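Let the hints inform the model, and build the full structure from the sequences given.
Chain by chain, the residues run as shown.
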Amino acid sequence: GESVGLHLPTLSVQEGDNSIINCAYSNSASDYFIWYKQESGKGPQFIIDIRSNMDKRQGQRVTVLLNKTVKHLSLQIAATQPGDSAVYFCAEIKNTGNQFYFGTGTSLTVIP
Amino acid sequence: DAGVTQSPTHLIKTRGQQVTLRCSPKSGHDTVSWYQQALGQGPQFIFQYYEEEERQRGNFPDRFSGHQFPNYSSELNVNALLLGDSALYLCASSRLRANEKLFFGSGTQLSVL
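Residue numbers (this note's numbering), protein chains in the order written: chain W, 1 to 112; chain Y, 1 to 113.
Worth flagging that the hints you see were computed from the coordinates, not collected in a lab. Treat the hints with care, since some could be wrong.
[To be verified] No farther apart than 27 Å at their CA atoms in a straight line, the calculated lysine-lysine pairs in the DSS-like style are these:
hint	chain 1	residue 1	chain 2	residue 2
1	W	LYS68	Y	LYS101
2	W	LYS94	W	LYS68
3	W	LYS94	Y	LYS26
4	W	LYS56	Y	LYS101
5	Y	LYS26	W	LYS42
6	W	LYS56	W	LYS68
7	Y	LYS101	W	LYS71
8	W	LYS94	W	LYS71
9	W	LYS94	Y	LYS101
10	W	LYS42	W	LYS94
11	W	LYS42	Y	LYS101
12	Y	LYS13	W	LYS68
13	W	LYS56	W	LYS94
14	W	LYS56	W	LYS71
15	Y	LYS26	Y	LYS101
If you're wondering where the values come from, they're calculated on a predicted model, not measured in any experiment.
Following this line, the structure appears as structure tokens:
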């Protein structure tokens, strides 16, 4: 399943499928990006980060892709599990030092 | 190693009252940032504290103020509460280096009636 964060704030995928969550960021000068996962009643949890001198970074079951040309960030989750159900936020640092700006978020629901 | 801890977890106040929220940063962190998260929205930056001083501030009125103590813990104070202040208030800690990831607490859910 795939979403465009600002236009499709919810995403439902079947367990075991791959998920793609997209985010358009606003400032071409931003040089650091993070994906956070937020479960109901909890604070955001760090998933993976990427700096602007990279275009791809992989973690455990997750991959972040950065396209600076179109100011687009995506999070790919492989073999999505029910525990992945949460709201996912992308955050950028707009070159003002440690001040992160968060997008609206995408709600991911994994169907067993 | 304890992560970021916030207290209380839930709070109910009435309009016009004042509230103080507390945060202890993750061990080794010296910088505390506060965020307000309305229902269905992403966190919005309120301000950041380092060396007991406010370093940066978001677009929030002066009713929102804060403090950082020598042990790096922090308080967020909100005066003259409005209904619209109802939100989840998140504390995040980091080290003061360029582009360090934030570690968040579980937040304080504030309801203003």
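Each hint tested on the structure:
Straight-line distance between C-alpha atoms of LYS68 (chain W) and LYS101 (chain Y) comes to about 20 Å, which keeps the hinted pair within the 27 Å bound. Taking the CA atoms of LYS94 (chain W) and LYS68 (chain W), the gap is near 14 Å; set against the 27 Å cutoff, the hint holds. The straight-line distance between the Cα atoms of LYS94 (chain W) and LYS26 (chain Y) is roughly 24 Å, inside the 27 Å bound, and the hint therefore holds. Distance check on the hinted pair: LYS56 (chain W) and LYS101 (chain Y) sit about 18 Å apart at the alpha-carbon level, within 27 Å; holds.
Annotation: proposed proximity of LYS26 (chain Y) to LYS42 (chain W) holds, straight-line Cα distance about 16 Å (limit 27 Å). Under the criterion of a C-alpha separation no larger than 27 Å, the hint pairing LYS56 (chain W) with LYS68 (chain W) is consistent with the structure, at around 11 Å. Pair hint LYS101 (chain Y) plus LYS71 (chain W) holds up; C-alpha atoms about 20 Å apart against a cutoff of 27 Å. With a C-alpha separation of about 13 Å, the suggested pair LYS94 (chain W) and LYS71 (chain W) falls inside the 27 Å cut-off, and the hint holds.
For the proposed pair LYS94 (chain W) and LYS101 (chain Y), the alpha carbon gap of about 14 Å is at most 27 Å, so the pair holds. Between LYS42 (chain W) and LYS94 (chain W) the alpha-carbon distance is near 25 Å, which keeps this suggested pair within the 27 Å criterion. Among the hinted pairs, LYS42 (chain W) with LYS101 (chain Y) is consistent with the structure: their alpha-carbon atoms are about 18 Å apart, no more than 27 Å. The hinted pair formed by LYS13 (chain Y) and LYS68 (chain W) fails the criterion: a straight-line CA distance of about 45 Å is larger than 27 Å.
A threshold of 27 Å between alpha carbons decides the hint, and for LYS56 (chain W) with LYS94 (chain W) the separation of about 20 Å falls inside it, so the pair holds. Our distance criterion of 27 Å between C-alpha atoms is met by LYS56 (chain W) and LYS71 (chain W), whose separation comes to about 14 Å. Between LYS26 (chain Y) and LYS101 (chain Y) the alpha-carbon distance is near 12 Å, which keeps this suggested pair within the 27 Å criterion.
The structure does not agree with numbered hint 12 stated previously, though it agrees with all others.
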